[in-house]
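Chemist: Produce the entire structure from the sequences given, and follow the hints as far as they go.
One line per chain: the protein sequences are B and G, in this order.
The numbering used here applies: residue 1 is where the first sequence begins, and numbers increase by one.
The numbering used here applies: residue 1 is where the second sequence begins, and numbers increase by one.
Because the hints were derived from the structure by calculation, they are not lab data.
The hints are all genuine.
Looking from chain B toward chain G, a few residues come up when the C-beta cut is under 10 Å (computed):
| id | residue |
| --- | --- |
| 1 | 61 |
| 2 | 107 |
| 3 | 139 |
| 4 | 143 |
Note that this is a predicted model, so its numbers are computed, not measured.
Every residue gets a Cβ at the ideal spot worked out from N, C-alpha and C, and that includes glycine.
Chain residues, written in single-letter form:
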Amino acid sequence: MRLVHPAARAQLRRRFAGPLLVVAAALLLLAGCGDDDNGPALAWGTPPRVLTPNDLGNDRVLRGLIRNDTGKAVRVTADDVRVLAADGKRLPTAATFIAGYAHRMFPPTREPRNLPDRERERLGDLAVIEPGQQAAVTVSWRLRNSADRAATIDFGAGKLEVPREPSRNPRL
Amino acid sequence: MGGAALAAALIVCAFAALLPASAGAHSERPTFFPDPNLGDFPQFRTTGPRYVVCRPDSRQRIESMVQDPTRRAANLSALNYCQSYTIQRAVNESSSGTRIQVLPGVYPENPSKGPAPPGCQDVYDATAAGNFAIAYEDHRRCPNAQNLIAILGDTNGDRICDAKCNIQIQGTGDSPDDVLVAGDRAKLNVFRADRADGFYLKNLTVEKSDFNNVYVLETNGFRIDTVVSRYSREYGILSFTSDHGIYENCETSYNGDSGVYPGAGPDARHGVPDARGVVYGIEIRNCESHHNTLGYSGTAGNGIWAHNNRFHDNATGLVTDSFVPNHPGMPQDHSKWTNNLFYSNNFDVYNAERDAYCQNTPPTARDPKKVCPTFQAPLGTGMLIAGGDGNIIANNYFWDNWRYGTMLHWVPATLRNESDPARNYDTSGNNTYMNNCVGMRPASLTNPDFNNCSGTRDPNGIDFWWDEEEGQDCDPNQAGCVDTDTTNGNCWSGNVGPGGMFTSDPTPLLLPACPGNDLFRPGNSSKQAFLVPCATWDPATNTDPPGCDWFTLPPEPN
Numbered sequence: 001m002r003l004v005h006p007a008a009r010a011q012l013r014r015r016f017a018g019p020l021l022v023v024a025a026a027l028l029l030l031a032g033c034g035d036d037d038n039g040p041a042l043a044w045g046t047p048p049r050v051l052t053p054n055d056l057g058n059d060r061v062l063r064g065l066i067r068n069d070t071g072k073a074v075r076v077t078a079d080d081v082r083v084l085a086a087d088g089k090r091l092p093t094a095a096t097f098i099a100g101y102a103h104r105m106f107p108p109t110r111e112p113r114n115l116p117d118r119e120r121e122r123l124g125d126l127a128v129i130e131p132g133q134q135a136a137v138t139v140s141w142r143l144r145n146s147a148d149r150a151a152t153i154d155f156g157a158g159k160l161e162v163p164r165e166p167s168r169n170p171r172l
Numbered sequence: 001m002g003g004a005a006l007a008a009a010l011i012v013c014a015f016a017a018l019l020p021a022s023a024g025a026h027s028e029r030p031t032f033f034p035d036p037n038l039g040d041f042p043q044f045r046t047t048g049p050r051y052v053v054c055r056p057d058s059r060q061r062i063e064s065m066v067q068d069p070t071r072r073a074a075n076l077s078a079l080n081y082c083q084s085y086t087i088q089r090a091v092n093e094s095s096s097g098t099r100i101q102v103l104p105g106v107y108p109e110n111p112s113k114g115p116a117p118p119g120c121q122d123v124y125d126a127t128a129a130g131n132f133a134i135a136y137e138d139h140r141r142c143p144n145a146q147n148l149i150a151i152l153g154d155t156n157g158d159r160i161c162d163a164k165c166n167i168q169i170q171g172t173g174d175s176p177d178d179v180l181v182a183g184d185r186a187k188l189n190v191f192r193a194d195r196a197d198g199f200y201l202k203n204l205t206v207e208k209s210d211f212n213n214v215y216v217l218e219t220n221g222f223r224i225d226t227v228v229s230r231y232s233r234e235y236g237i238l239s240f241t242s243d244h245g246i247y248e249n250c251e252t253s254y255n256g257d258s259g260v261y262p263g264a265g266p267d268a269r270h271g272v273p274d275a276r277g278v279v280y281g282i283e284i285r286n287c288e289s290h291h292n293t294l295g296y297s298g299t300a301g302n303g304i305w306a307h308n309n310r311f312h313d314n315a316t317g318l319v320t321d322s323f324v325p326n327h328p329g330m331p332q333d334h335s336k337w338t339n340n341l342f343y344s345n346n347f348d349v350y351n352a353e354r355d356a357y358c359q360n361t362p363p364t365a366r367d368p369k370k371v372c373p374t375f376q377a378p379l380g381t382g383m384l385i386a387g388g389d390g391n392i393i394a395n396n397y398f399w400d401n402w403r404y405g406t407m408l409h410w411v412p413a414t415l416r417n418e419s420d421p422a423r424n425y426d427t428s429g430n431n432t433y434m435n436n437c438v439g440m441r442p443a444s445l446t447n448p449d450f451n452n453c454s455g456t457r458d459p460n461g462i463d464f465w466w467d468e469e470e471g472q473d474c475d476p477n478q479a480g481c482v483d484t485d486t487t488n489g490n491c492w493s494g495n496v497g498p499g500g501m502f503t504s505d506p507t508p509l510l511l512p513a514c515p516g517n518d519l520f521r522p523g524n525s526s527k528q529a530f531l532v533p534c535a536t537w538d539p540a541t542n543t544d545p546p547g548c549d550w551f552t553l554p555p556e557p558n
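Modeler: Right, dumping it as structure tokens:
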């Protein structure tokens, strides 16, 4: 993956409303220019860490904070999060916006439809990030092989770059 | 109502106003703790009014199954007084203090499975639509909308039993095998004892509820004695916001959540004896819980003393936690587990074959021994405290749990909607692991030596796993985080395994000796990070979340 700037400052762009703008943005991103303008965006609040479980060598767990610099409230859902490899292929992904391990109030098989946003936020399914605020995020993915690596996390509203992995798991 | 109980009630009211009618790791109405100064542990009674229940084939069963001649004669004699073919009718026609004697037979309780009676269509419709958390008054109005057998003791809405109190339901056979109450997963609950103080259930088998085989709620004084509870889609025996309770001599197996669930446990005492000398409001003893997803589970499982039990061959032997909002009594605290056996909790309910089976087979059509897990758990673990304070784990055996003998980690208070940021680290602190025998299989499972660690080597993956967090000691009765304990911390002393050694993560040298180091620290974020993806497990859509190893059976340790 080509890093256009340090991962901690990688920018996430809001999804544009109109199809033409989407096409234009895609072209800009393909040209490597998408993160270089000075418009308001989401960003890593602190440098995220990428960890490798001891017994899951092809899995990675990223923990970090995303900061909302857009000037507007941003709504991000776990279901929208995608991790993409350098070749653009989607990797198996799980995401949550909570600070620690949680367990749902209802078994997944009995969960009511249309949970209120407050409950979805508690469960980590949803983050509503006010302007200037940060939200904890944990994203995990499974690589296709040991040589593979994730390049980008697509939050639905745009993409953030995945930082390079440390040589060993840090004690945070 | 005592001060603590009043405070708990107010907190529950506040939560209830904020969320839909739900009360825990399962769906239930907002509930209140009974007054700990009232009620008592029920005693088995042999006198008092009697009501006999039988089935058409009870005589044959008595003659063929009841081996004890005295008991057989008593059963045959009682047959002459049989008044009902269903237990529910017996309850309906009983007054407080009645002993309901259930003669050998299979009790499907078919009248309870019928269509909605007049005036109940709305409650039946709500249940069918998935609204399980109906009000107590709705249960009173329509007792069988969700329950095969409902014992409802409060007639005036003050949450205190005033009718159907001290109801004793007793199977009269030689063993629980002789009386079977068969749920067929037609109703959420088989037995529901709701505000039914003094409820006593003895010597029978209960199976195949859709939610709870035995459900005790807002009840002050109950006893579940010599009961086999199996094949529930979720819980074998569950108590919630109840006090003065005993589970004893039970066998719970093949339940999709847990065998026994003392959730929202008594929260008034916090490890200190009350005026009557009671420290632990619920006692679980001489039970065997096996082949469940969890042998024991207790969200907000406070004030429990579990001893002389066997938790084995579950996915995880025991979990107590502080995960969810609206569970009265949060955070979990001050339970005690002594002289228990936690072993071989490697029951793999998360493999791909089981995932496919559970996804493709409706609950009513499932093989009852193919457990479909309702929640996630770290497969291969003896005991997990996930957000808990001041617990005592002493003189137990832990062996052959292929992942961990025990786990202890923090759960952020925000996850249970704690609004005070000062309390975010109010778990896990002050838990004592003392004199446990790890990685050793005792010579006898029925009479193990709890005073000496002896037996043959049979290791756990790691004996003690800790996320290295030391929670803050927030007084539960004061706002903010007021530390009223400056002595205790999480601690490990006197634990031994083969050769006097044990294994741990972190290394044994970094485990504080008792009474611990009472200094807050947030823990090892790397270890905590690997727990988080496990939260995204879903049996339908995400059975193997990337980054989480809980759902893969670890290899057997050497």
